[in-house]
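Model the placement of chain B on the given structure of chain A, informed by the hints.
Heads up: the protein sequence lines correspond to chains A and B, in order.
Numbering that gives the first Met the number 0 puts the first residue of the first sequence at 0, with every later residue one more than the last.
Numbering that gives the first Met the number 0 puts the first residue of the second sequence at 0, with every later residue one more than the last.
Hints may contain errors.
Interface residues of chain B toward chain A, partial, derived using beta-carbon atoms under 7 Å [said to hold, decoys possible]:
1. 82
2. 142
3. 440
Covered by chain A, per the in silico footprint, the following chain B stretches (three or more residues, Cβ under 8 Å) [to be verified]:
4. 151 to 163
5. 166 to 172
6. 404 to 418
Note that these hints are calculated values from the structure, not bench results.
Using N, Cα and C, we set each Cβ at its ideal position, and we do this for glycine too.
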Amino acid sequence: MQLWQSIDELMGNGAQEREAEWLEPLPESSLNRRQFLQLLSASAALTTLAAGCRRPDHKLVPAVSAPEYQIPGLPLFYTTAVSHKNAAYGVLAKCREGRPVKLEGNEYHPISGGASSAYVQALLYTLYDPDRIRRVRMGEQLQTPLSTALAEIAKRIQEAVQQGKLVYLCIDEHCSPTYEELLKQLQNRFPWLRVAFLPSFLADTAAALNGDVLGIPAEFVPHLGRADYILSIEADPLGIDRYALWHIRTVAEGRRLRSRQDRMNRLVAVESLLTLTGTNADTRIRMHPAAFEGFLAAIVREIARLRPVPASLLQPLASFPVAYAEKASAIARELLEAGERAVVLVGPHLPRSIHALGLAVNWVLGSIGEGKVLDPAWTLPMSHPKATERARLEEDLRNERVGVILFAEVNPFYSAPWEFQQLLRRVPWKVALTLYHDETASESWIHIPVAHQLESWGDALSADGSLSIQQPLIEPLNDGIGSVQDILVQIAQHLEPDVFGDIRSYREFLRQRWQRLYGVTDAQWEQILREGVYRPSQQRARSALKVDVEALVAALRPSGLSRDGLLAVALPSYALYDGFFANCPWLQEFPDPVTKLTWDNVAAMSPGTAHRLGVKSEDLVQIQSGDTVLTLPVWVQPGMADGIILTQLGYGRTQGGEVLKGVGVNTYPLLNGQRLGYVAVTVHPLGRTYPLATTQRYARLYGRPIVQLTTLAEYQSADGPHFQQPEFPGYPAPEGRYRIPLTIVPPYEYRGHRWGMVVDLTTCTGCGACIIACQAENNIPAVGKDQVRRGREMYWIRIDRYYLGPVDEPRVVHQPMLCQHCENAPCENVCPVAATTHSPEGLNEMTYNRCVGTRYCLNNCPYKVRRFNFLNYHTDERPPLEMLFNPDVTVRMRGVMEKCTFCVQRINEAKYHAKDDGRERVRDGEVLTACQQACPAGAIIFGDMNDPTSQVARLRLSDRGYHVLEELNVRPSVTYLAKVWNAPPEEVQQLRIA
Amino acid sequence: MAQLTSAVPARLDHEPLREPLVLGNPTAHDITEKIVGIVERPPTWKYWLVLSITALAAAWGIFCIGYTIAVGIGVWGLNNPVGWGWDITNFVWWIGIGHAGTLISAILHLFRQRWRTAINRSAEAMTIFAVICAGLFPLIHVGRIWFAYWLIPYPNQMYMWVNFRSPLIWDVFAVTTYLTVSILFWYLGLIPDLATVRNYLHRRLPKAIYGFFSLGWVGAARHWQHYEIAYLILAAISTPLVLSVHSVVSFDFAVSILPGWHTTIFPPYFVAGAIFSGFAMVLTLVLLARWVLNLQDIITLKHIDNMNRILLATGMMVGYAYLMEFFVAMYSGNEYERYVFLNRAFGPYGWAYWTMVFCNVVVPQVFWSRRLRRNVVVTFIASILVNVGMWFERFVIIVTSLHRDFLPASWDYYAPTWVEVSIYVGTLGIFFTLFLLFAKYVPLIAMSEVKAILPHAQPKHHVPVEAI
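One chain only, chain B, in its complex shape:
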């Protein structure tokens, strides 16, 4: 096992220098009992209540999508200067959220950040569900969805090819690649755990299903060897995707000539923002899971502390980008550029801009304090505020640039209709429904990986004195 051969602190027999990653010194069996137990036991009434609310929201959203398709994009609030509104805002927001999963699984894996094991499974699942929600928006935002497949280059009798110069085509490739790799990565990591679940279940059908998906895993050394190699390769493939997907998404804007969009700073700025919002969403989800499923021992305050540090760092990167955008606009001497940025802050959408600044720049500053980093309630509120802020960031970029561009005669104001709001709520419903189903039917914590970082799994482990 890769983890087993990794560097281990030399003095584990003393009071640990590093905070333990798993509390309560559980055995591997304890971990299995705890995680498989979630799958094994029937869900509580609370679960059903929450699931029915999210499913209802999802159904309403899907109905509104159907309504949009049946009647036309005119049921949204878009107009002639503002061709994109909540649709693409939601797309970029969801794609951003989907960034943390790969980052945690792939990059943190490559950097041997072992604390990732407690959260990587749920982060990856979140990624996939977020990308599904994200992918929905470019699809439904087109005027004629029945021809949306024309965005895929396929040989056809019309001799028509896609326009590879269009960033939207790059989007199609970036997002589908990201979704595919994320699913593969997630599934690969799941195989040992699915096998564990299979072994624990008694009823025939579930056992058969878990058995099918665990691909005959028996935990043999050969299996582990192949597994580790495959996992490493996928991590290496995924790592550039973390940077590329959101860079490509940012090209949708950066490649255009619109003041406020046409900015070279966008790729890094978008990636930082994506990691920022992704971690915030992971925090929201794991804090809920931790509380509902009593996982305090596995998802410890140390994990939360670590993630809050990342929030603080990426939040400041985003804040730097906000400042730099203003500086570049002022320094450029381009009056259109200057106007767009002044209009962002002081125009009709100023409230959105300042909401964004407050949520994304001011709120993470609380995490300079170790006490607040380790405060679950503060973290939870901050994580939600960060995602509100990041949603507004995309809204501000998209709508404030469009609503007042070059010729003042074409300026207008944009406000969403109930349909757009419903579809957004609907994707939240889809997301949480999928996540709840995942939490119930798939091991929520990567058991095999967590077991590998248990104190007694370490080669030089000594049983602490108190335990004797």
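Chain A extracted, bound-state conformation:
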């Protein structure tokens, strides 16, 4: 067969043409074939070299001389102190290979007591926050050497001083006595220097009143461990209070029921908002703030009926309208019964008159005094009234007397009123000393990115008078630039080289002050660093309590809060506080303990108010107060008083990072000149909606026995509590306390450890410290608002909050929910690839490597505590966030299921230690899960159920113990202890009937 390629060829007439084609000279090209190929290969080789076919080399260089104590793979613990505004927390930092990876409370610290809060955990995130600035900016120059900037600042200060102008240093409320001393010395040395507190918001009503009446110009830190009866007038000691951690600890201690004979404190909340404290109250009275005065006045009058009270005090009470007289008299009698062990707490945002009434009750009850609940020795550092110094700053600004202003970790261009910001703008030279390039830094001419608390030296004073040293855990990540104090020392030295004699740094200043003041030797210093706490032997001067009744009576003037119209109040947010934490995704996604909202602030209002305004959740409304108009989404919040709108501060930041952008609305303009308080507003629905992301969409129990409830009286009664038990055929479990549903499968016998947990619903306040601690320990990503809206938050432990009873006055229970490590785990048998299995120690284990992601285990989990990585949530993390990860916990990729492991990495570590010590078993208390360790209430107890002496083994047999969904025969390893309220039994019985 003839092979042919074209018709022409087949016909035999193409040959010549083809020949001609070959003979014809090719058009000239600048490249011939060889050159082209040469170029091609050369460029390919260059591209290969330039781009690299492999990942860049990261060399692991072993240390020639290893750092002291450092053993790769083993953690080192350092004590330090962190401060959240003027509250100090003693902290134990876990460091791995020279970087802190987890903060825990320092057990020896009187305030922390081993516990930590969400803010403490979040501070670790801010340390590694990729949005922290690393270089000094001066004008347009983004990479100015620090020395240049300092010289420039010194020059500008000198110029200003020559012109007879002042230099202002604006600082936030802090708790460092050495910082205070430094500022004092600087002011003594430089008379032109003025220091002004410029906190995000002012809440010094109580401090001012205490100053006037008691001569103690500070806010008390109530010692609630000494209280049997706490009446909270919209105070939030267990919530937003800076000492909440301490309050939760002490209140929990007063209501921990170890046996049926135990006593329990009584917490009564009177409030118009639903605060976290209100959700934990034994009795909660929903009341409009306009009635607070009348209510308290009625209490004082009732007390006066039963006990002698100065007549001068009673006289002005007539000006308050009577409100809730019946309830007031009942409460007054209860208060009197508790006597000096009763206390009235008043919310920081409430007017002076209510504070004065509260103070009057406390005084009459005798709860103020040394060793009492309100101990004059227990005050909040730097909580003195700041109105006058604030006025002086404003005055100086108005008169253009300020030449240079330094903002030390304050952000007035975010939080201050607009007029005040305009005044600040007129200062010619502004310097920002802040972590982030925030609103104030962008308004400033020089921005120095100062070191983080965890990178620098300092000290911190707690309310009880104990001191802690803040020691750096890591070299400053911002190119070694020091803390605010370091920078101040350096600026001072630029101005006057020998300003502090031979002291060159703030660390030396600190060390020298401690030596001078407390006589701390080097050995003692080491010891203090190890323990983390120092109690100065010299006690603070104490004098007899003097009450200026006249001043108190003078303060008893009606505030004029009105019931007509709408009142709005903006309070610090449970998640972001005043906005400092706005760039921390952990806290942005931290579900508000009451609303369970993430990533937004809202206008919370009662169902009645929402109905009256014709709005529902997610509707946008305009809130107008004077010239201020804010657009906020509505959140219908059960339990609030009608006519009240609550919104949160800390949102609506514009500068300072990628995370905070576009989250929420800045509600600082709603403050009354930066002071917390109610303002009259008008609200207009806009007819548009705005999506909100909540982690809990349904809040009712639908009669399900998920939470067991009782009251103290019923619990202690002869018949005991009547828990709503699920009915199922079964037989008693070997330990006697529980029943096992009928089964033909004999239970597995655990010979070694058998890990279990007990969660006490009575002491749990729902604060959520466990959530963030778990997130930090287990490398759990924040997923963002969109993903939360889709119901894909990754928390391994969540706190379910249920409303019981009527929608207007609900009773609230918080129930931490985590993997129950069921003995008969329904997730295990449905996994086709055996990626989730049971360990011989009773752990329900998840093998990420093996997981293919069918999600069947999630579907079959009755507690829905399994979390699926729907997307690669860790991909967009920028350096140095990888340093934040706990190296003992795998970072999970997408397509993999995950869940609580009972901190198996900690269990294994404890087992290694036990083995090293030649022990067969881990001792009780040797393993603390991250949630347990953080919990200030001590509501979570973990341990070996097989060890009869362990706390868990004993507590799980408590008569309050129950298993959630016991009837499913999943046999959970988590035992809940029933919620007990110290309230009249009929209140809870009503709930059961409902």
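Below, chain B without anything else, positioned relative to chain A:
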């Protein structure tokens, strides 16, 4: 031939007592001409138009599958309580559709229902394509598809074995077995017809291809004898599969502890539902084929009538299951169970529940009327509605049970994203593309079987008087 020795009505010389299965009294040659003609002639522009639409849908679906694999399951609307949504709904729906084929081929064959011959080929093809579409979903719904092969027990260096306690493993076996047997059964039945096509074709390559697949069939008596035995054996093997596959699929739910899933009624209920939806899909397809390819004489109103009776019967079985589920839930005294069922009917997905009830229970009731059973338009609409209803049945079972289970705090709502919808549309595209290719290249009607039921193929056949 089995058919030839089967019972034959005694009085064929009169007006037939039974309605004839093939109209127009065609000869065997007429049948061959008609069916092979479809293969032989080039397709019309209508065919190309429809094929391009379905292929486009298939391509879009495949792109969206790729997108899901590249980015993650997060591109779907699933969330923490609702781990399965459209993915498993579509899986169960397609598997259900794939049920009619085997039922028609195997069970009706064993019961000597000779009317099946007109539709069995397309029903079997539909089964295979539906199972292919079904199998796609468990595969792509996993978070890490590149490890999906771990669901197959194979010896490996990890010493890891699958978890035989998991119903998903049972699924893997059930579905792959079903697919294998269905393909074998379909292919076996095709052999005589492929040989016929081979004999009719003139162009070399197609002839060679059909020749290859007809395995040297020449229609010898010995061939027929072996063929009939093999066919009978395969029918016997397939028969339990009809019951087992969907029972196993229902175990995915029944074995769990979720209220609304944990139900002993599921296996029969799912099988009935599968036959219901399978017949509905067969009806949809054959009505289209009948209309487009002028097969009214072979697929007669009697066939449609018969299938509608099955729809009516299985529809009522499904309706009974719906009622019984409610009764059991209420009677159990289990509050979770009660809540799930009340929530199904009156909760946020109530619309889906009532759509399901309307389509699956109310719509088939029209087939009590013989006139409507034989109405092609009514049947066509009903068949589509039944499949809509059956899709919603699976959706209701899966999603309403998951979205509100034990702890109210974890409840959520689920809605699909465009990706999930696209993948579903994509599998419809794949299904119809495959079916169109099948209709063009493979004899759509089992010629050899139809020829066997022609009047003159019967031993006592007399030519009717009119024909003389």
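| task | Starting from the hint list further up, note which numbers the structure goes against and sort them upward. | result | 3
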